[in-house]
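Participant: Whole structure, please, built from the sequences with the hints as guidance.
Protein chains: 2
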Amino acid sequence: MKKITVGAFLLSMMFVGVNAQSLKSPDGKFEMNFQLKQGVPYYNLKYNGAVVVEDSKLGLRLFKDSAIKFASEIAKPDDAKFDLNNGFTKKDEKRDSKNETWQPVLGEKKNYINHYNELAVTLDQASTDRSIVVKFRLFNDGLGFRYEFPQQKNLNYFVIREEDSEIDFPTDMKAWWMVADYDSQEYQYQETKISEIPAQWDKAFDANASQKLVKNAVQSPLMLKKEGKEPLYVNVAEAAVLDYPASHLEVDAQNFKFKTHLTADRQGAKGYIQTPSVTPWRTIIVAPKAEEVMDSKMIFNLNEPTKYTDTSYIHPTKYMGVWWEMIIGKSQWAYSTAENVHLDKTDFAKLTPNGKHAANNTKVKEYIDFAAENGFQGLLIEGWNIGWEDWFGHSKEYVFDFITPYPDFDIKMLNDYAHSKGIKLIMHHETSGSATNYERWADKAFEVMNKYGYDAVKTGYVGDIIPRGEHHYSQWTINHFYRIAEKANQYKIMVNSHESVRPTGESRTYPNYISAEAARGTEYEAFGGNKPDHQTVLPFTRWMGGSMDYTPGIFQTKLDYYFPGDKRFVKTTLAKQLALYVTMYMPLQMAADLPENYKKHMDAFQFIKDVAADWDDTRILSAEPGDYVITARKAKGTENWFVGGITDENKREYTVDFSFLDKGKKYEVTVYEDGKDADYIDNPQSYNIYKKQITSKSKLNFKMARSGGFAVSVKPVN
Amino acid sequence: MKKITVGAFLLSMMFVGVNAQSLKSPDGKFEMNFQLKQGVPYYNLKYNGAVVVEDSKLGLRLFKDSAIKFASEIAKPDDAKFDLNNGFTKKDEKRDSKNETWQPVLGEKKNYINHYNELAVTLDQASTDRSIVVKFRLFNDGLGFRYEFPQQKNLNYFVIREEDSEIDFPTDMKAWWMVADYDSQEYQYQETKISEIPAQWDKAFDANASQKLVKNAVQSPLMLKKEGKEPLYVNVAEAAVLDYPASHLEVDAQNFKFKTHLTADRQGAKGYIQTPSVTPWRTIIVAPKAEEVMDSKMIFNLNEPTKYTDTSYIHPTKYMGVWWEMIIGKSQWAYSTAENVHLDKTDFAKLTPNGKHAANNTKVKEYIDFAAENGFQGLLIEGWNIGWEDWFGHSKEYVFDFITPYPDFDIKMLNDYAHSKGIKLIMHHETSGSATNYERWADKAFEVMNKYGYDAVKTGYVGDIIPRGEHHYSQWTINHFYRIAEKANQYKIMVNSHESVRPTGESRTYPNYISAEAARGTEYEAFGGNKPDHQTVLPFTRWMGGSMDYTPGIFQTKLDYYFPGDKRFVKTTLAKQLALYVTMYMPLQMAADLPENYKKHMDAFQFIKDVAADWDDTRILSAEPGDYVITARKAKGTENWFVGGITDENKREYTVDFSFLDKGKKYEVTVYEDGKDADYIDNPQSYNIYKKQITSKSKLNFKMARSGGFAVSVKPVN
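Chains as they are written, first to last, in the numbering used here: chain A, 1 to 718; chain B, 1 to 718.
Treat the hints with caution; some may be incorrect.
Heads up, the list lumps identical chains together, so a pair's fine if it works in one copy or across two of them.
Straight line, CA to CA, 25 angstroms or less: simulated SDA-like cross-link-like pairs of lysine to any residue [to be verified]:
1. 444 - 487
2. 153 - 61
3. 226 - 89
4. 153 - 344
5. 91 - 193
Simulated from the structure, these hints should not be mistaken for laboratory data. For clarity, every value in this text was computed on a predicted model and none was experimentally measured.
Facilitator: Pasting the structure below:
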């Protein structure tokens, strides 16, 4: 129990009921109370009568209203009279509710249900004659709230010094967290109590291509668990982060309290606002079962429906890539041995080839052949375009032109060849963080894509952002990401962005933004390695606001296969790699390994060929953050189901109850499981495949190896 | 004489002749000596055997070569082993010379002469195995030098911490200077000794819309004068500032020494360089006569010839503008009373007009009529497009779209009307400093210009730059200015940029970049006022690298004419306003006042109608910085001459010797001079006009009032 003084306790008791508004969820289990205490706004949250979130403060601190000498304004200390966090009285309240069903263009279920009660409180600040609105939406799985700034005489433009939305928990909780950083999410998750975060913080990060850490703060989504006889799972995140910086969470470890900490730009400003405007939603998902948290669609529900008039070009895509061989170091993105190239001057045909350029006509055709033979829709090729010789680490603004291929990449021939085989190539636009340069080229680049028949692009933002005043998660850069998505829509192009900001439900508004990286993916197995429990945390964190392009499917997990003595390895069994296609929702779904490795295990590869990427239904059968995830999904427009189960560094058994199948029907399952002696370190490629007939009454038992898993495809039999 | 120790003196003597290279100007009057002293590079300059510039150091300090964690690199202290300023040995020297005549597209003379001797010294830095080149060009009017960075194994990318090119004068000198600022040149010139600069510095600036002052540093071009029996005039500036930040000059007042100080970005970096690369030229123009300094074309000569294939669309332009009435406050740029508009949402037709919007159909047609009747080529209209209601001071990125007119501005009708009268409208693209937004709209905006028949645009950059990490004179922003000029060339559009970086001769390379502001112009007479000597300094400073759009021609100098009690006034006589059209070289030439004021003085207005804007010849008859300028120019392709004379706050007499005219010919002059009782404060509108016949043997005497002048148009008689 945290320490509070008797006086503070009595004081807080005094104000209960005075100037307080109460809101309940549709099923009545959640209750949110809003109140002003001496003009300062607070909210709390109860679940089944018990306090989940104690009285927590709300508000924002502003810079003196945007003045001519703005740069010098930033340096001045805070002056509370300009802040929107005190001196309020309640002017008004409006209540509303909604219960709608909507269909995502690509999703985990055919229908998402958006059911909430809403309370909007208008607060007046008499000293400045301004008012703001705090809007609460209470769902059956938790709370979302945001600030709204109506256009008014005394509130037109302001610059945020900091948003101070607190979430004050009554007790310590277990937390799965990542260090806060304005530029990267590529860190390992830590599992500690909230109270232990500061002690662990300094050990919790490694180097990154672009990095601006915030000490003793963590990133969102953040997963928490109140342990005990009646455990409660809590997820803290945000929804609809648009034209606003992404938020991190400062930790007050002694009081189990978190507070928003927005991403600054290099000047130190945290958001340039023109009214009318709204902030992102701060979300608190709460459930007695971890599975219910993972299953929550609150973050998507809080985003606006799309205004796109045509979404027919958006489709699930299974793809392979000329990519992993560069990641592990077997080939290169660059074509030549040059260390310094000028896109508008260098004659690339005259450079000396390095002999390791993967994106060449011969190799690409081989990949096209294999991908097409095996039913994939797309082939990503990285390193196809001029500029890779010096693309990284030089703050080079004009680093790529996105349209000129290397001499050994015949863009027309290869696209025609792919189309003749029934697949499309997937474009690659690595920006090197140079967003201003990408904006200059985007129209031409998208025109080239249309010309040659590409309909999807993977973008990348490796390295510090240009404009050199911005971070990856600053307001300006977030606007850039969605400006690109909107422009891509004009060209009917789907976007998968890497090193971008984590999605917070925007796929509802921008359905062509089908995936993103924004966490440590499979590539990190070749860099520092991911912990074996990494994939059991991600669905509770990174996935909450949108799909991740995790790029799994590595069959040759040990890299000493390529480089004798190399100690790097993918820290899972082969069977677990298969299971990831189900435990992770990926409408854009990569089989990332080299064809030669799939050819050696075509029996296991069959699962990847069969698994769907778009779903009518999803059941989280069983899951515990950091431990295991067992998921079943029904392929869209079919009666086929797929089941996947994964575990962490521990062996684990699980029995799948197939009662989610239709009663009275016969199904055939193909099971892919760890071999008896499988182990992610000692024997990762040991797996067992068998078929069996089952019904909805069947149960199947699986023994997962250390960092192992199982995958099951389920088809009805006639 | 400055203090130096005996030891230092002896030491410097010792090194003369050791490891030294000497260069002479074509006429032999200048001598430059380059030497390494203990591996540190120095140069000096002599004129007619006397030292003009003492041994002055050269070199640059770098950040540790661009590394992954760049942002943290900036914060580290300098480590001399990475710098390019020590440990050199001479590897090589190359000599060259050039004597060419070239024709500027628009210019002060038909031919410019580029005549120099060149010395390029290659310096090796053994400790880092890198080499650089220092290149000197010695002209008959002074020295230019720059650094060159060849592409080499150990020098590919680097980031500049600071360039330390010194100019060390042997004695104190009179200086006409302006405070250094990364964002503005809109300050008054100060006239003090070099030694007095620090004492005067704090009093030498006022507020500005965008400002980042550099204490005890001054801007370039800087004008200097060694007084005494044999005076020497010195101009310190730079040429060809491209893909590099603009430089200011730090002052060591006790040692009469200046050192380059580059404009930083907000991170503190001063240039991101990829080899091969060259710096701008540092220029030191020296002459015994002030007139010869003003006449120097060195800065243009040091720029590259243009690569434009078609310059036929570039022409001198005399224009009027719907502008001054907004500057003085009689009308507004904005259309409505709204304080907060959203370009993509607000219906401007539904807003309440403020009744003061100048750019409306009726008024514009009146201006078109007057301009066309009086032989002008163009009419600028500001405030024609949506967004002016909240354009300034809010760091609003999407502030203008550059294509949507206000409801009362019929862009098609007005252009058709203007064309029917034989004039073109001049476009206005105020960016509000939001350069990223302007780049997004530039193609559409230029397409609109082509569609409606505009061929010239005035751009503006009022307020802090967006990207919010950059200053007006940072490398990124300078690249932006020339990126726009190049793009405008693709659309055959001429550019006149305001609040941009001062030109440093780029009109040779980008001839469509015909003018710029980048100093206090006539508009400042309505803000703080310009000192009466301001226009006698500008030709020695601001004009050295290119024309300024000074927008003179104000006949109604007292503003209490509009606003009883208003103390603002243009600090010149009317006759001086006429003279400015000759003393200032302006291929883009505005008659800035309201038609109603010209109508009251059509006799004086005749000079503005007659004066040319493009020249075959220019003679600086007599000039002294801060005191007076008397100039004669011959109109291109004609036998007509124009003469203009201006003075500062002192009355002054001057006798014009017309020996520059062709011998044996008869000419008729029309003289416009201050009336006998004219005075810029008490009686500015008193002027006298007379005609007379003269020949090349004639001399005419003029009595200029305080801040007065005279203008003469000279036509041959049959």
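Participant: Next, verify each hint and record whether it holds.
Facilitator: A quick look at each hint next to the structure:
1. Proximity of residue 444 to residue 487 under the C-alpha cut-off of 25 angstroms is found in both arrangements, the shortest distances being 11 angstroms within a copy and 15 angstroms between copies.
2. In the homo-oligomer, the alpha carbons of residue 153 and residue 61 lie at most 25 angstroms apart inside one protomer (19 angstroms), although the nearest pairing across protomers, at 51 angstroms, exceeds that limit.
3. In the homo-oligomer, the alpha carbons of residue 226 and residue 89 never lie at most 25 angstroms apart, since the shortest distance is 35 angstroms inside one protomer and 70 angstroms across protomers.
4. For a Cα distance limit of 25 angstroms, the shortest separation of residue 153 from residue 344 across copies, 21 angstroms, qualifies, whereas the shortest one inside one copy, 51 angstroms, does not.
5. For a Cα distance limit of 25 angstroms, the shortest separation of residue 91 from residue 193 qualifies neither inside one copy, at 40 angstroms, nor across copies, at 64 angstroms.
The structure shown violates the earlier hints numbered 3 and 5.
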